[in-house]
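Residues per chain are reported as follows:
Number of protein chains: 2
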Amino acid sequence: MSKENSIGKTDKKYYSFAAPPNELVLESGEKLGPVKIAYETYGQLNKDKSNAILVEHAFSGDAHAAGYHEGDDKPGWWDDLIGPDKALDTKKYFIICSNIIGGCKGSTGPSSINPVTGKPYALDFPIVTVADMVKVQKYLIDHLGIKKLLSVIGGSMGGMQVLQWVASYPESVLSAIPIATTLKHSPQQIAFDEVGRQAVIADPAWLNGNYYDFGQPERGLAVARMIGHITYMSDRSMEEKFSRKLKEKSKNLKFTSDFEVEGYLKYRGDTFVKRFDANSYLYITKAMDYFDLSGDKLIPRKKKPGIRFLVIAFKSDWLYPAYQAQEIVKLLKARNVNTTYCEIDSTYGHDAFLVEIEKESHLIKHFLRSVSGENGEEYEYSI
Amino acid sequence: MSKENSIGKTDKKYYSFAAPPNELVLESGEKLGPVKIAYETYGQLNKDKSNAILVEHAFSGDAHAAGYHEGDDKPGWWDDLIGPDKALDTKKYFIICSNIIGGCKGSTGPSSINPVTGKPYALDFPIVTVADMVKVQKYLIDHLGIKKLLSVIGGSMGGMQVLQWVASYPESVLSAIPIATTLKHSPQQIAFDEVGRQAVIADPAWLNGNYYDFGQPERGLAVARMIGHITYMSDRSMEEKFSRKLKEKSKNLKFTSDFEVEGYLKYRGDTFVKRFDANSYLYITKAMDYFDLSGDKLIPRKKKPGIRFLVIAFKSDWLYPAYQAQEIVKLLKARNVNTTYCEIDSTYGHDAFLVEIEKESHLIKHFLRSVSGENGEEYEYSI
Chain A
1 MSKENSIGKT
11 DKKYYSFAAP
21 PNELVLESGE
31 KLGPVKIAYE
41 TYGQLNKDKS
51 NAILVEHAFS
61 GDAHAAGYHE
71 GDDKPGWWDD
81 LIGPDKALDT
91 KKYFIICSNI
101 IGGCKGSTGP
111 SSINPVTGKP
121 YALDFPIVTV
131 ADMVKVQKYL
141 IDHLGIKKLL
151 SVIGGSMGGM
161 QVLQWVASYP
171 ESVLSAIPIA
181 TTLKHSPQQI
191 AFDEVGRQAV
201 IADPAWLNGN
211 YYDFGQPERG
221 LAVARMIGHI
231 TYMSDRSMEE
241 KFSRKLKEKS
251 KNLKFTSDFE
261 VEGYLKYRGD
271 TFVKRFDANS
281 YLYITKAMDY
291 FDLSGDKLIP
301 RKKKPGIRFL
311 VIAFKSDWLY
321 PAYQAQEIVK
331 LLKARNVNTT
341 YCEIDSTYGH
351 DAFLVEIEKE
361 SHLIKHFLRS
371 VSGENGEEYE
381 YSI
Chain B
1 MSKENSIGKT
11 DKKYYSFAAP
21 PNELVLESGE
31 KLGPVKIAYE
41 TYGQLNKDKS
51 NAILVEHAFS
61 GDAHAAGYHE
71 GDDKPGWWDD
81 LIGPDKALDT
91 KKYFIICSNI
101 IGGCKGSTGP
111 SSINPVTGKP
121 YALDFPIVTV
131 ADMVKVQKYL
141 IDHLGIKKLL
151 SVIGGSMGGM
161 QVLQWVASYP
171 ESVLSAIPIA
181 TTLKHSPQQI
191 AFDEVGRQAV
201 IADPAWLNGN
211 YYDFGQPERG
221 LAVARMIGHI
231 TYMSDRSMEE
241 KFSRKLKEKS
251 KNLKFTSDFE
261 VEGYLKYRGD
271 TFVKRFDANS
281 YLYITKAMDY
291 FDLSGDKLIP
301 RKKKPGIRFL
311 VIAFKSDWLY
321 PAYQAQEIVK
331 LLKARNVNTT
341 YCEIDSTYGH
351 DAFLVEIEKE
361 SHLIKHFLRS
371 VSGENGEEYE
381 YSI
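Top to bottom, those sequences are chains A and B. The numbers in the first sequence follow the working numbering, run straight up by one, and end at 383. The numbers in the second sequence follow the working numbering, run straight up by one, and end at 383.
Source of the hints: derived by calculation from the structure; they are not laboratory data. From a predicted model like this one, the values you see are computed outputs, not experimental measurements. Among the hints, erroneous ones may be present.
Pairs count within a copy or across copies, as identical chains cannot be separated in the list.
[Said to hold, decoys possible] Under the rule of at most 35 Å between Cα atoms (straight-line distance), these lysine-lysine pairs were calculated in the DSBU-like manner: (1) K241 with K297; (2) K12 with K247; (3) K315 with K330; (4) K245 with K266; (5) K247 with K9; (6) K247 with K315; (7) K266 with K138; (8) K31 with K92; (9) K74 with K135.
For reference, chain A alone in the conformation it holds in the complex (with noise of 0.2 Å):
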């Protein structure tokens, strides 16, 4: 979509709190403070600051979902979905942002200062769960002056977040959209992201964490970065993106990128050591892993939140699969929260939350709609 649809120069904002001797009590026991959270927000608060929706970003997303920043021509990572007009309408709605704990965007993580030692945290930095990261969330949203969200929305981990909310406080949020996420990892998930952080790890440069003096442990983390992008897409995206294409390159060098999917997974990796911390990686992966809301986790027998839900799966998505979305809804069906199921065609594997905007944004667009009680009558989704 053109700049013109969009919700223009958008800021970076700040929010400290749990300063010593007040710390953060973490889900591990573990104290932390004080706490800094990056976030920013689009579109105006009502009166009755009903109308609030929380944006959660995905593993290594941030706090700028929409907008452009000063200086950058490039929008942040859900524009097209946010903005006047757009699924998440800014003349409606008031979207907040806010990026995790234990991330580096600006959010307290490994890489902040940690006050005692007046260096990075660097391991010092206490394990972060999926529950600690909606628990900060609660603080900012009180800070807003929100006393209940009229959405939740997020993919991916983003989406383990929305779920999270649920479980943390139900009191507090009307409406859930979780995309492409699961109640926890599989096997296969947990050992995709082990030799992710094995990969960091088995970089010498990484120091044990403490390389924040020397700079990142690139290598791995380039080579953890490329495998995270063969899992985001497809077989037949990638086979429709690259096919069997050579690239160009010197015939004499051997072990060189051949191929022009060897070069997309070279670059991915190589720009991703410029922008996020590698112990940050190591965190958050631990993090998704741990998290865990099978059972009665997500919602207590016996208890029916007032809360409906949106659940948006993507069938060539192999990394969180359509049957993990499934056993979400099975769930939700089973204590009778109100739940609509919907799972997209698309060819994009993992990457379709972030692409397939025009699918997504007719079901969310119709969703809030009935959830802010315009719709006269239930709306039937299909695709």
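Given chain A's structure and the hints, the job is docking chain B onto it.
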């Protein structure tokens, strides 16, 4: 199966040829010599030399396909399939298995001594292709006095060599059994190989391939192997084997393995570096990625070789998905080649070709009987 049904004690043999100035000319035009080939044989070659079956090993396999080496309790890698009264019945057939060129299990490869320098070849070893692997096997078969193989059989990269035999020496093969394989790697398969290679190359201990005096690039190679093992199993077989079970561990250590699946991958990576050469890893994965017998390359148009095919795939194999086997079958049917296709229902993923012995045995046994003219009529397979 028990040791009693085994072929018993076996020995590795060697065949050397192509001594300078009569070096082997490789597909690239480069020359290599002398070439040494490690191989094993089981059973007896009959008088008219018509009962020979060539077994092709997969990526990290070797010539030791069956029986036991002196002092070793572990049988060869396909011992359940090869032996008296087994599918590859050593009472009837003469079985040959050789280590591929470029490998590190006795045949000439990058870790072999370069006669020109007196040091290991390292990256001075020429690029070898699957066609080169098969060409070397043809030398061995000629050396053994065999004009025509009763069958060529193998899974994964072994299956590529099977197809290559048909392409390179159609007159020397009576039947072919490619299992869990493809006419060419998809971009996704190339991508997984490339990430493995990058993990090796990223390890500073790789030293541009010149690590032989200092020890293997163990960390990078272990990460590469971990990636491989994820692709060899299915989502479901991992779920059945590990679920989300936790390992016992020291609570104080961050980023050690928590989940059993992590420990398994770590173990697999760590044992691999003790038995496999890192440069061989690079050369052999490249050979797989370059392999391409699509179009007219397997069987030239207007030419129908008198070869019979049994093509086997496994339903849960997502590394070499069944659609790739079906592409082989389509191509063969279009050339009017007598072809039987079977998709075995298995949850083991790509590993299935090493695990689903009973189902494979059933198919292979009857197919070979039919090829040898032992069956009165055509046998139709269904599982």
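Going through the hints against the structure:
no., hint, verdict
1, K241 with K297, "between (40 Å within a copy, 24 Å between copies)"
2, K12 with K247, "neither (39 Å within a copy, 41 Å between copies)"
3, K315 with K330, "both (18 Å within a copy, 26 Å between copies)"
4, K245 with K266, "both (16 Å within a copy, 34 Å between copies)"
5, K247 with K9, "neither (38 Å within a copy, 49 Å between copies)"
6, K247 with K315, "both (30 Å within a copy, 33 Å between copies)"
7, K266 with K138, "neither (38 Å within a copy, 38 Å between copies)"
8, K31 with K92, "neither (38 Å within a copy, 72 Å between copies)"
9, K74 with K135, "within (30 Å within a copy, 53 Å between copies)"
Of the numbered hints stated above, those contradicted by the structure are hints 2, 5, 7, 8, listed in ascending order.
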